[in-house]
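K.L.:
The residues making up each chain are set out below.
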Amino acid sequence: MSGESALLIDFGSTYTKLRAIDLDAGTILGAGQGPSTVTSDINVGLDAALGDLETALGSLPDFRHRLASSSAAGGLAMVTVGLVKELTAEAARLAALGAGAKLIGAHAYKLTDKDAAGIAAQKPDILLLAGGTDGGNEETIRWNAEKLAAAGLACPVIVAGNRVCADDVAETLQGAGIDARVAGNVMPEFNVLDVEPARAAIRDVFIERIVHAKGIDRAEARFDAVLMPTPAAVMEGARLLAAGNDAFPGWGDLLVVDVGGATTDVHSIAEGAPVSGSVIQYGLPEPYAKRTVEGDLGMRHNARTIVATAGEDAFVRESGFSADRIDAFLAAIEADPERLPENDDERDFDAALARSAVARAVKRHAGRIEIKQSVTGPVTVQYGKDLTAVGTVIGTGGVLVHGDQADDILHAALFDEEDAQSLRPKKPKLMIDNAYSLYAVGLLADAAPDAALRFAHNNIAGNPASGKEGIHGRSPAA
Amino acid sequence: MSLTPEQRGKLTLVTGVIGADTHIVGNRILSMALEKEGYKVVALGALTPAEDFIKAAIETAADAILVSSLYGQGELDCRGFRDMCIEAGLEDITLYVGGNLVVGKQSWNDVEARYREMGFNRAFPPGTRTPDVVDMLDQDLKGRAGGAAA
Numbered sequence: 000m001s002g003e004s005a006l007l008i009d010f011g012s013t014y015t016k017l018r019a020i021d022l023d024a025g026t027i028l029g030a031g032q033g034p035s036t037v038t039s040d041i042n043v044g045l046d047a048a049l050g051d052l053e054t055a056l057g058s059l060p061d062f063r064h065r066l067a068s069s070s071a072a073g074g075l076a077m078v079t080v081g082l083v084k085e086l087t088a089e090a091a092r093l094a095a096l097g098a099g100a101k102l103i104g105a106h107a108y109k110l111t112d113k114d115a116a117g118i119a120a121q122k123p124d125i126l127l128l129a130g131g132t133d134g135g136n137e138e139t140i141r142w143n144a145e146k147l148a149a150a151g152l153a154c155p156v157i158v159a160g161n162r163v164c165a166d167d168v169a170e171t172l173q174g175a176g177i178d179a180r181v182a183g184n185v186m187p188e189f190n191v192l193d194v195e196p197a198r199a200a201i202r203d204v205f206i207e208r209i210v211h212a213k214g215i216d217r218a219e220a221r222f223d224a225v226l227m228p229t230p231a232a233v234m235e236g237a238r239l240l241a242a243g244n245d246a247f248p249g250w251g252d253l254l255v256v257d258v259g260g261a262t263t264d265v266h267s268i269a270e271g272a273p274v275s276g277s278v279i280q281y282g283l284p285e286p287y288a289k290r291t292v293e294g295d296l297g298m299r300h301n302a303r304t305i306v307a308t309a310g311e312d313a314f315v316r317e318s319g320f321s322a323d324r325i326d327a328f329l330a331a332i333e334a335d336p337e338r339l340p341e342n343d344d345e346r347d348f349d350a351a352l353a354r355s356a357v358a359r360a361v362k363r364h365a366g367r368i369e370i371k372q373s374v375t376g377p378v379t380v381q382y383g384k385d386l387t388a389v390g391t392v393i394g395t396g397g398v399l400v401h402g403d404q405a406d407d408i409l410h411a412a413l414f415d416e417e418d419a420q421s422l423r424p425k426k427p428k429l430m431i432d433n434a435y436s437l438y439a440v441g442l443l444a445d446a447a448p449d450a451a452l453r454f455a456h457n458n459i460a461g462n463p464a465s466g467k468e469g470i471h472g473r474s475p476a477a
Numbered sequence: 000m001s002l003t004p005e006q007r008g009k010l011t012l013v014t015g016v017i018g019a020d021t022h023i024v025g026n027r028i029l030s031m032a033l034e035k036e037g038y039k040v041v042a043l044g045a046l047t048p049a050e051d052f053i054k055a056a057i058e059t060a061a062d063a064i065l066v067s068s069l070y071g072q073g074e075l076d077c078r079g080f081r082d083m084c085i086e087a088g089l090e091d092i093t094l095y096v097g098g099n100l101v102v103g104k105q106s107w108n109d110v111e112a113r114y115r116e117m118g119f120n121r122a123f124p125p126g127t128r129t130p131d132v133v134d135m136l137d138q139d140l141k142g143r144a145g146g147a148a149a
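Residue numbers (numbering that gives the first Met the number 0), protein chains in the order written: chain A, 0 to 477; chain B, 0 to 149.
Calculated directly from the structure, the hints in this document are not laboratory data.
By construction, the Cβ of each residue, glycine as well, lies at the ideal position given by its N, Cα and C atoms.
Incorrect hints may appear among the rest.
To give an idea of the chain B side of the interface with chain A (calculated C-beta under 10 Å), a few residues [claimed, not checked]:
(1) V13
(2) A19
(3) D20
(4) G37
(5) K39
(6) A45
(7) A49
(8) I57
(9) E58
(10) G71
(11) I85
(12) G103
(13) W107
(14) T127
(15) D139
Computed beta-carbon distance windows for the label pairs [stated by the list, open to error]:
(16) E50/B <-> G174/A: 33 to 39 Å
(17) Y14/A <-> M31/B: 55 to 61 Å
(18) S277/A <-> L75/B: 24 to 30 Å
(19) A307/A <-> R143/B: 51 to 57 Å
(20) G118/B <-> D178/A: 57 to 63 Å
(21) G73/A <-> K141/B: 51 to 57 Å
(22) T127/B <-> A307/A: 52 to 58 Å
(23) D415/A <-> E50/B: 28 to 34 Å
(24) E50/B <-> E170/A: 32 to 38 Å
(25) L75/B <-> P284/A: 26 to 32 Å
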């Protein structure tokens, strides 16, 4: 361990997790874990985790970077407000999700007093207020700002609507003592999406305010920065991996599926424009880096919903288990959400759950085509992103990393001839992120991009269980 | 009296071809011409459902919606258009419709009267030239173009 190293910290809601990375070799030196002590003193959990890491390493190196992310105290809870549901309200929703937020409310049109009071009572960490294209509707965003100001909202507000009145709107909120700041409009022109300024503003507020509000800054002398919410780190990692740099060629368009206990998250890094020139794109264009969170498709906290969503009969056929057996598996999981599979049947059941969750989550994330009849004959119309040409699908999450059926599970993310209108990847390389390294790549992306990519190339590989090698293989040691 | 390009720049028009109609060329020419004259144009293109005209008009605070229909089914596609606008809070929006608005040969006066009854402020027959549309828009929207309105 002669080279430089980095300490990555995840202040989670259950654990404080540490990882030490060898930046020159692109390998993991060791890991440590402590309890999450955000509610009392964050230093306690961090000390425990550092002690654990020190035991693993023998001694703690002098880290070149010490970077943290946080999903503690419920993650970054956000509410979005826009005007038309399918337009600025959707743009605001996409911006918040892309910033790694946990959406606890998404509103459209004019808020009532009751709506506004409800939002204030939810106590979000940040509210994103959109509405109107630049020079377009002013009435609704002004109205909504008045309602939120009157409701006694306490959290910071990012105003990302019609620029003609954005400053006025911010003033209205500031007049009520709210920390309001203006970012670029999420939809400056009709059907033109520009979520990056809002995402950047969310991240700024997160670093300046949320880290303090959650008590994380009590340990601030012990790391360089808390950069972002943990889910945003995965997104940043995926973006860097897709883009690459001079030393490491990018992997191009990719899809990341993270099957977790509470949610299944999907990230796509791809333009997703129609592949064929004769296809007409319709509806809101989606962001290049898009994240969706399926709160009803978690392997442990809502396993029963996964079965219900698939349809019980279909799940019986797909899993090979009887309805009674399925019910028994679900009951066991509900009795103990921390439960890990203990025998082959339980592993098979978990794999079936995961296939179902992955298929549903990716289908919701991907675009679709519809054939419309016109007088001149049938026309193909595309909604959302065409991901059929995506070259790489990366899977992560406990069931993929620890199970032995990762390849099968990831296949559920792919294009299905029987559901050909859903534009899912057709022939991607299937990769497994065994070490949850995308998160680390995202944290290191700005500070040490070469090291981040070297680490990613070393740790994200074609699934060994399938006997196939990923196209990208291992990068040459730089 | 026509408006100046500056005055027109304060006015937003939503254009598109309604229903299952793919005839985009005339609508595109019209949209480009209106833009050239100074109007702010939100062009939705072909195959646009009625509700999408209205959603776009809400978000952009449009002053007028110009609906094109070339395939003879406009009467079906435009039914209830004004009511939907009222429902969405766009009581005062100016509505134009133009193109081959009916099937077969029918008296234009009858056709125009039917569309007026549906709540369109003006209907335009095939062969209408863009300067005529601009004249009508200037006339109908001049009350909204003043600085005080903004």
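K.L.:
State the violated hints by number, sorted upward, taking the hints as numbered earlier in the document.
P.N.:
4, 7, 11, 12, 13, 14, 15 and 20
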